[in-house]
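If you read the sequence shown in the numbering used here, its first letter stands for residue 707, the second for the next number, and so on.
The hints are simulated quantities; they were obtained by calculation from the structure and are not laboratory data. These numbers were taken from a predicted model, which means no experiment stands behind them. The C-beta atom is built at its ideal place from N, Cα and C for all residues, glycine as well. Please note: incorrect hints may appear among the correct ones.
Restricting the straight-line Cα-Cα distance to at most 25 Å, the calculated cross-link-like pairs of lysine to any residue (SDA-like) are [said to hold, decoys possible]:
#1 739 x 761
#2 741 x 766
#3 741 x 709
#4 739 x 767
#5 739 x 766
#6 741 x 764
#7 741 x 731
#8 741 x 765
#9 739 x 752
#10 741 x 767
#11 739 x 753
#12 739 x 750
Quick list of simulated restraints, FRET-style, between CB atoms [as the list claims (entries may be wrong)]:
#13 762 x 742: 41 to 51 Å
#14 714 x 766: 20 to 30 Å
#15 766 x 746: 13 to 23 Å
#16 759 x 712: 13 to 23 Å
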Amino acid sequence: IVVTEEPRLAPYISEMRRRLEDAGLPEGGVNIKAKTNEAMGFIGRGEGIAAMAVCLLTETLP
707 IVVTEEPRLA PYISEMRRRL EDAGLPEGGV NIKAKTNEAM GFIGRGEGIA AMAVCLLTET
767 LP
């Protein structure tokens with residue numbers, strides 16, 4: 707999840723996903739969501755952005 711007021715990220719999401727897949731992440735294994743902060747806080751004032759990520763790790767036995 708990327709939280710920003712500007713720039714609007716919707717036009718870039720497919721390219722961002724493609725580049726992550728090019729880096730070795732499996733196709734369909736990447737989900738990118740763009741959100742705004744509804745004009746609240748430092749993000750809403752355009753002073754910064756935030757990003758949150760979740761990763762699922764699984765053990766593969768030989």
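Okay, the hints, checked on the actual structure:
1. 739 x 761: holds (15 Å)
2. 741 x 766: violated (34 Å)
3. 741 x 709: holds (5 Å)
4. 739 x 767: With Cα atoms ~32 Å apart, residue 739 and residue 767 exceed 25 Å; violated.
5. 739 x 766: violated (29 Å)
6. 741 x 764: violated (28 Å)
7. 741 x 731: holds (23 Å)
8. 741 x 765: Distance of about 32 Å is beyond 25 Å: violated.
9. 739 x 752: holds (19 Å)
10. 741 x 767: Roughly 38 Å separates the two Cα atoms, so the pair is violated.
11. 739 x 753: Holds, at about 20 Å.
12. 739 x 750: Answer holds: residue 739 to residue 750 is near 17 Å, not above 25 Å.
13. 762 x 742: 41 to 51 Å: violated (27 Å)
14. 714 x 766: 20 to 30 Å: violated (39 Å)
15. 766 x 746: 13 to 23 Å: violated (42 Å)
16. 759 x 712: 13 to 23 Å: Holds, since residue 759 and residue 712 (Cβ atoms, about 21 Å apart) stay within the stated range.
The structure is inconsistent with the numbered hints 2, 4, 5, 6, 8, 10, 13, 14, 15, although it conforms to all the rest.
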